[in-house]
Amino acid sequence: MRDITIFNVEDKNGSMINQSYIILKMKFCWIILISILLLCSTSNSEAQSYKDAQHHKCLKCHSNQTYSFKNDVTNKEEKRLMNPYYILDTVAMSAGVHKPFDCTDCHSSEYQSYPHKSTLKLEPLSTCLDCHGGDASFASYKFDKIQEEFKKSVHYKVYGDNFSCSKCHSQHTYVATARNSNDVLEIVDFDNKMCLSCHNDMKKYNLVAGHSNPKLVQIHSWLPNQELHFSHVRCIECHTEVIDSLMVSHNILSKDKAVKKCIQCHSSDSKLKASLYKYQNLQKRSGKGIGSAILTNSSYTIGTHQSPILKLISILIFLATLGGIVVHSIFRIFKK
Amino acid sequence: MSETHKIYFYPVWLRIWHGFNAIGILVLIITGISMQSDINSAVIGFNMTVNLHNIAGIVVFLSYFAFFIGNLVTNNGRFYLIKMKGFFKRPIKQGQYYLWGMFHGEKYPFPLSEKRKFNPLQKYFYVLVMYLAVPIVMVTGLALLFPEIIIDNVYGISGVFVTAILHSAMGFFISIFLIIHLYIASVGKSPWENYKSMITGWHHV
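Chains as they are written, first to last, in this note's numbering: chain A, 1 to 336; chain B, 1001 to 1205.
Hints are computed from structural coordinates only; laboratory data are not their basis.
Think of the CB as a built atom: it goes at the ideal place given N, C-alpha and C, for glycine as much as any other residue.
Don't take every hint at face value.
[Said to hold, decoys possible] Distance ranges between label pairs, derived from CB positions:
1. PHE331/A to ILE1136/B: 30 to 36 Å
2. LEU1026/B to SER166/A: 53 to 59 Å
3. LEU322/A to LEU1142/B: 30 to 36 Å
4. GLU148/A to ASN1153/B: 36 to 42 Å
5. TYR85/A to PRO1135/B: 53 to 59 Å
6. GLY1077/B to LYS193/A: 55 to 61 Å
7. LYS193/A to LEU1178/B: 46 to 52 Å
8. GLN226/A to ILE1151/B: 17 to 23 Å
9. GLY1077/B to GLN264/A: 46 to 52 Å
10. ILE1151/B to SER254/A: 37 to 43 Å
Take these sequences, add in the hints, and give me the full structure.
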């Protein structure tokens, strides 16, 4: 623009146009451009407003148990039940990580008309890696490593590529709880609901496994304090192979490879330190001090061996006692 | 040794309690160490270890009440009363005897009689164990049997963590007491004398 203001330029017909005319023209273009951008952003934010679902083009139907439409064949207004699997939780959506996106950012814009075209059901949807793979701004999530680990998992072995990320991580409502929450119980609850959404649901489990789901309480009957374990540790703690490079392991193991030894968690070298408490450890150690983090993060281990200092003291006291007895016995024998 | 030098220190109820308590405590110590060490009991398995620990804990819990009530309703309780006179001096004197006196032919500083069943040092340890360590280990053990009742957070530290630490620390203290108890019991007229007394009830003085 600075160049244009210095020199007069020749138009396409070869005639010269003066400097002030060009500046005026550029200003006009900028105003138009800014207006378009403002208009787009305003209309877009309205379209994305999940909080006002009743006025959202998609959610006015997909957030309700029922929907109404004008049947062009019968020329009547009809009210029908919504397929329960297509009802969306708009409260959870407005808290989810994908809340800035509108429905048609991922789904075809043709969904905006009803009845939806039957072929739309066959549209290939974007996978997580289509957006997040190789993206430097999401490098810490290690999506590519997750994909690599996932492909070793029992889920992939059974269902192949049909087992998409969204089978566990609802793209509509997903929240990165394990990274952002300071409450372990909240992390556990959020995470376990992902597993239970299928493993505690006959139809969804059958879709992938091809047989009915095992009863979770019964197959975990060997586990002491079952209810407490279910609410305080994630399923993946025992059912995945923990690797250091990933925050959450995605290699879900088959049930015969699941952890069944209590000592793997209930010891000073607990598996939980490398999984459930991994992120908290990192966070607390960088912020609140090493001492408190180590102390509180060992709360799931049994006994004084949780604390290395107490363990050392107890060993010293034990050895001193034995030593004292041996020395005393020797004196008793020789001073008899 | 004549009959007149024998005192019936250990009535039947006390010996029965002592027997149950001894077996219970031994099982608790062995299973307790097994559970918190990496030497996981390959022979009986972790589940069985936990079950045995729980059962032994309940046995010791119930037998403690027999001991407590027995001491309230019989004369045995008075042997646990600590006199303020010579509070430090008396146990120190007994300690000196064990460490020095007994090897140099000194007389036993607190000879046992119908009125004195325990020497001062012994009494202090018994009181500490039976009226402090065992109740703490019982309460914390009971809480760990029902972990859902434990307070989640105690000044920023997990309630279960504090309870477990207290439980195993007291358990360790009791274990050390047991080792010393068994050894000191061999310091008598003969190494087996005191052990026999706990079976017959009669103590030779």
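We went through each hint and held it up to the structure:
no.: 1; hint: PHE331/A to ILE1136/B: 30 to 36 Å; verdict: holds (34 Å)
no.: 2; hint: LEU1026/B to SER166/A: 53 to 59 Å; verdict: holds (57 Å)
no.: 3; hint: LEU322/A to LEU1142/B: 30 to 36 Å; verdict: holds (31 Å)
no.: 4; hint: GLU148/A to ASN1153/B: 36 to 42 Å; verdict: holds (39 Å)
no.: 5; hint: TYR85/A to PRO1135/B: 53 to 59 Å; verdict: holds (57 Å)
no.: 6; hint: GLY1077/B to LYS193/A: 55 to 61 Å; verdict: holds (57 Å)
no.: 7; hint: LYS193/A to LEU1178/B: 46 to 52 Å; verdict: holds (48 Å)
no.: 8; hint: GLN226/A to ILE1151/B: 17 to 23 Å; verdict: holds (22 Å)
no.: 9; hint: GLY1077/B to GLN264/A: 46 to 52 Å; verdict: holds (47 Å)
no.: 10; hint: ILE1151/B to SER254/A: 37 to 43 Å; verdict: holds (39 Å)
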